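So the protein lines, in turn, are chains A and B.
Residue numbers are given in my numbering: position 55 of the first sequence equals residue 55, and the series is strictly consecutive.
Convert by adding 305 to the 1-based position in the second sequence; the result is the number in my numbering.
Hint data in this document are derived by calculation from the structure and do not stem from the laboratory.
You may find that some hints are simply not true.
[What the hints assert, rightly or not] Have a look at the derived ranges for each label pair, beta carbon to beta carbon:
# : chain 1 : residue 1 : chain 2 : residue 2 : range
1 : A       : T162      : B       : T588      : 29 to 37 Å
2 : A       : P70       : B       : T450      : 18 to 26 Å
3 : A       : E111      : B       : V342      : 23 to 31 Å
4 : A       : M134      : B       : G419      : 32 to 40 Å
5 : A       : P70       : B       : L601      : 27 to 35 Å
6 : B       : G419      : A       : L78       : 40 to 48 Å
7 : B       : L598      : A       : G115      : 38 to 46 Å
8 : B       : G419      : A       : P70       : 52 to 60 Å
[Claimed, not checked] If you only want the chain A side, here are some residues facing chain B, beta carbon under 8 Å, derived:
#  : residue
9  : F30
10 : D34
11 : G156
12 : V232
[What the hints assert, rightly or not] Here are some chain A residues the structure puts well away from chain B; computed CB gaps all over 10 Å:
#  : residue
13 : L9
14 : L38
15 : L93
16 : V96
17 : A98
18 : L102
19 : T107
20 : D125
21 : P140
22 : R165
23 : G188
24 : V229
25 : R265
26 : M283
27 : L287
28 : P297
The structure presented is a predicted model; accordingly, all values stated were derived computationally and were not measured.
Virtual Cβ for every residue (Gly too), placed ideally from N, Cα, C.
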Amino acid sequence: MTSLFLLQLLNGVQLGILLFLIAAGLTLVFGIMDFVNLAHGVIYMVGAYLVVSLSAWTGSYGWGLLLVLPATLLIGLLAEALIFRRLYDRPHLDQVLATFGLVMIVTELVEIIWGTSPLLVTAPDALSGSIPLMGPLRYPVFRLVVIGAGLLTAVGLWLVITRTRIGMRLRAGASNRAMVAALGVDIGRLFTVIFAFGAMLAGFAGALVAPILSVDPGMGESVLILAFVVIVIGGIGSVKGAFAGALLVGLVDTLGRSFGPIVLRSVMEPSAAAQTGRVLAPMLVYLLMAAILAARPQGLFGARP
Amino acid sequence: MIRALRQRRVAATLLFLAFALLPIIAAAAGDPYLVIVATRILAFAIAALALDLILGYGGMVSFGHAAYLGIGAYSVAILSGAGVTDLGAHLAAAVVAGALFALLTGAISLRTRGIYFIMITLAFAQMAYFFFVSLSAYGGDDGVTLAARSTVLGRDWLRDDRVLYYTALALLVGLYLLCVAITGSRFGRVLTGTRENPVRMEAVGFTPFRYQLTAFVISGAMTAVAGVMLANQASYVSPAFMNWHRSGELVVMVVLGGIGNLLGAIAGATLALLLEEWLAVLTDHWPLIFGTLLILVVMFSRDGLTGLFRGRRG
Chain A
1 MTSLFLLQLL NGVQLGILLF LIAAGLTLVF GIMDFVNLAH GVIYMVGAYL VVSLSAWTGS
61 YGWGLLLVLP ATLLIGLLAE ALIFRRLYDR PHLDQVLATF GLVMIVTELV EIIWGTSPLL
121 VTAPDALSGS IPLMGPLRYP VFRLVVIGAG LLTAVGLWLV ITRTRIGMRL RAGASNRAMV
181 AALGVDIGRL FTVIFAFGAM LAGFAGALVA PILSVDPGMG ESVLILAFVV IVIGGIGSVK
241 GAFAGALLVG LVDTLGRSFG PIVLRSVMEP SAAAQTGRVL APMLVYLLMA AILAARPQGL
301 FGARP
Chain B
306 MIRALRQRRV AATLLFLAFA LLPIIAAAAG DPYLVIVATR ILAFAIAALA LDLILGYGGM
366 VSFGHAAYLG IGAYSVAILS GAGVTDLGAH LAAAVVAGAL FALLTGAISL RTRGIYFIMI
426 TLAFAQMAYF FFVSLSAYGG DDGVTLAARS TVLGRDWLRD DRVLYYTALA LLVGLYLLCV
486 AITGSRFGRV LTGTRENPVR MEAVGFTPFR YQLTAFVISG AMTAVAGVML ANQASYVSPA
546 FMNWHRSGEL VVMVVLGGIG NLLGAIAGAT LALLLEEWLA VLTDHWPLIF GTLLILVVMF
606 SRDGLTGLFR GRRG
């Protein structure tokens, strides 16, 4: 029981880290530009597909992963220059529709290029084993690497945001865009940087988990909406909130799925508990979101409601 | 203003007349499939109309309206499975369930606005989606095929495609008139006021939240009615009805037709579905074209298709 808990705890942290990588860029785009971007999930998906192809091309997952970073950065820059830049001063509705159109286009393009059946990419041999964790319990090395890489990225992001000039502008932009623009900061260029960087983080996340998950055209959507939940919980524009929200959502989702039925069994008969648990578990994160919103409409770390 | 309303009345009469004549034209053309497609269009037109009520008049961008389509559709599946096949019962159950879901999620979502509201309605719709996916008694992910269409007064009149079509049309016309009455009433004007300037409305002494929530609930219940018709049209119900792409398509329909004039939503639904049908015949990769068109329309027109036709207003 304890070992199962530890195992699921690690899985939950891993999902949380993944969600953080996606939500971090998204929350800044939402917060600073007040811009709704539905197309963030497809960049995560494109990252995963690219790592499959690039790994096959270079013959190594590591090189594939490294190449995905500039590739998704470039995609982000292109999308920003061609579409997003023209929509900043438009109503949310227009932004929703245009990025929704982009989702349709990219998803279809991915299906044309890579097909609809799930693809696999294998982790490098050095990272494919498992290490003993506690007693007989073992945990895959690669999943630990994912957690480590995600945490490193989070620390790096924190350093950039709190210690550098661009981070300072970014924080200023998140709290008062008009004032920052009036002080002579080119807010448009700042946003281009943030947007492309967010796209790169999402692509990195997709490439990072490609060996664990199956790579298929639907993978971006579930993650996108979970990232929305993370952002709503954490508060729009707050990277700290995104980190807390992501871990919370990852843990609640993972632990709810494995322990929900077990907890319910103490108050219900086993078959009913299993049934109810199966129905309730996927809804847990949304209920969590509803509860947090009811208490704090602006999210845990958000400034504006 | 008066002239615009009169114009809308003429346009509505013409549009509904065209819909009423469609089965006769389809019979003359020897193409019964047309009626089935048109029934689907009518169902989506009801949903788009409901969405326009809150989107166009209340300024609430709900990106989760497909959830209500699913709730309506599953009302048919669940009641039929329990042996209740009456259309009236299905509609009543759908309206109650849709209104309840809208009341609960709306009360939370409306505490926020802007981006938050969009994301939260989307998240709640996804919650409903997962609920039905994990409902293994009704097929889970695969959905469930209906044994028969709903019955009216114990008779299986709706088995005839044309009767189903006219039932859907009657519902659409009735709900359209209801929406015209709502938007023309004091309630409707307060709602429009909250869209324009909630702070000022509050200063005048209204509580925007109450009006918005009421409109949200009405819209949810109406969309559930569309779900009932959609389930009958397809004779099949699955969580795919409430996929978030569906929600997006509903918003697209409303915007394509031009928001905030009710008739535009109906025209938009017709146009979007016809375009889909046509593009799907043309190529398997129709979302590519549809998505591109969508981006172009958004970039170059601010008022939807009616805006394109009408030209820019000052």
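Hint check:
no., hint, result
1, A:T162 x B:T588: 29 to 37 Å, "violated, 50 Å"
2, A:P70 x B:T450: 18 to 26 Å, "violated, 49 Å"
3, A:E111 x B:V342: 23 to 31 Å, "holds, 25 Å"
4, A:M134 x B:G419: 32 to 40 Å, "violated, 47 Å"
5, A:P70 x B:L601: 27 to 35 Å, "holds, 29 Å"
6, B:G419 x A:L78: 40 to 48 Å, "violated, 27 Å"
7, B:L598 x A:G115: 38 to 46 Å, "violated, 25 Å"
8, B:G419 x A:P70: 52 to 60 Å, "violated, 34 Å"
9, F30, "holds, 6 Å"
10, D34, "holds, 7 Å"
11, G156, "violated, 27 Å"
12, V232, "holds, 6 Å"
13, L9, "holds, 23 Å"
14, L38, "violated, 8 Å"
15, L93, "violated, 5 Å"
16, V96, "violated, 6 Å"
17, A98, "violated, 4 Å"
18, L102, "violated, 7 Å"
19, T107, "violated, 7 Å"
20, D125, "holds, 36 Å"
21, P140, "holds, 27 Å"
22, R165, "holds, 27 Å"
23, G188, "holds, 17 Å"
24, V229, "violated, 5 Å"
25, R265, "holds, 17 Å"
26, M283, "violated, 5 Å"
27, L287, "violated, 8 Å"
28, P297, "violated, 4 Å"
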